[in-house]
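Undergrad: Sequence:
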Amino acid sequence: MIIVYTPNNKPEKVSLNKKVNGWYRRGLYLRREWIAYYCKLFKQDSLEQHRVVIFGQGRTGSTLLEDLIFKTGHFQKHGELFHKSRGQILFPLPFIRGLARRRPEENFIFHVKIYQLVNDRRRPEDTARFLKALYASGWKIIYLSRRNKVKHVLSNYVHNARGASHKFNDKKEEIELQIDPEGFLTWVKERERFTEEEKKALQGLEYIEVVYEDDLEKQEMHQGTVDRILDELSLERKKVQTRHKKVNSQPLDCLIKNYDQFKKHLTDHGLAKYL
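Just so it is clear: in the sequence shown, position 270 is 270 by the working numbering, and no numbers are missing.
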């Protein structure tokens, strides 16, 4: 299957059926939100419950990592609770704390991106305050990052070309990208800015650090990464396996149609080491 992506691709038209399904889901999300506020007011944190937040940008392996931890059997996963498709959460901190209190017999894990707390909200949340409040109430923080910002941004381009975030089979995909080098560089700088803001928000907090290239990129890394996290949480080690597959393994000169132009532009800006 060959997928060609250019920045001028038009967005897919949304059918009425999809709109109705979207409204229904948002209704369910709204109901859950108000139940969470109720639990925040009338329930207490469980001393036995393990509560974990994975903090990191998109395309860093956050869904993969949460799934791996879920597969240990120690946690119930909750995904991206602040994704904009789920609607605007009025009060992020009470919502999260209340949702965890709803089922105190289950360990709780979710993941959040810094821009979901800031850029995607009408009233931006103070990320440092959000993390500090969770930390002070006994939450553990996993900070997930990706060192190679060029490959990080390329992952977004591949995602847009495929129209899907994840892959669960071994079917070969041949993707061709036509990339505007200047626009790409702007996106790299944005990723770097988010990383700086993340580190500022984490100042003064203890956290478990996971780096995509060192801990998640290859399947053989997964068990060791999960074992290390479980040790930090004082939980029993468990064997894990996931259905998630690496989305793209094509050489860059095959993936990018205008690779020579792309490479020259990045080299001129000191990014050749990331290719």
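By construction, these hints were calculated from the structure, which means they are not laboratory data. A quick note: this is a predicted structure, and the numbers were derived from the prediction, not measured. Careful, some of the hints might be misleading.
What the hints assert, rightly or not - Derived lysine-lysine pairs resembling DSSO-like cross-links, with alpha carbons at most 30 Å apart:
1. K199 with K71
2. K151 with K84
3. K140 with K171
Undergrad: Look at each hint and say if it fits the structure.
TA: Each hint tested on the structure:
Of the pairs offered as hints, the one joining K199 and K71 holds, with about 29 Å between alpha carbons and a cut-off of 30 Å not exceeded. Restraint check: the Cα-Cα separation between K151 and K84 comes to about 25 Å, which is no more than 30 Å; the hinted pair holds. Of the pairs offered as hints, the one joining K140 and K171 is violated, with about 37 Å between alpha carbons and a cut-off of 30 Å exceeded.
Going through the hint list in order, the structure does not satisfy hint 3, though it satisfies all others.
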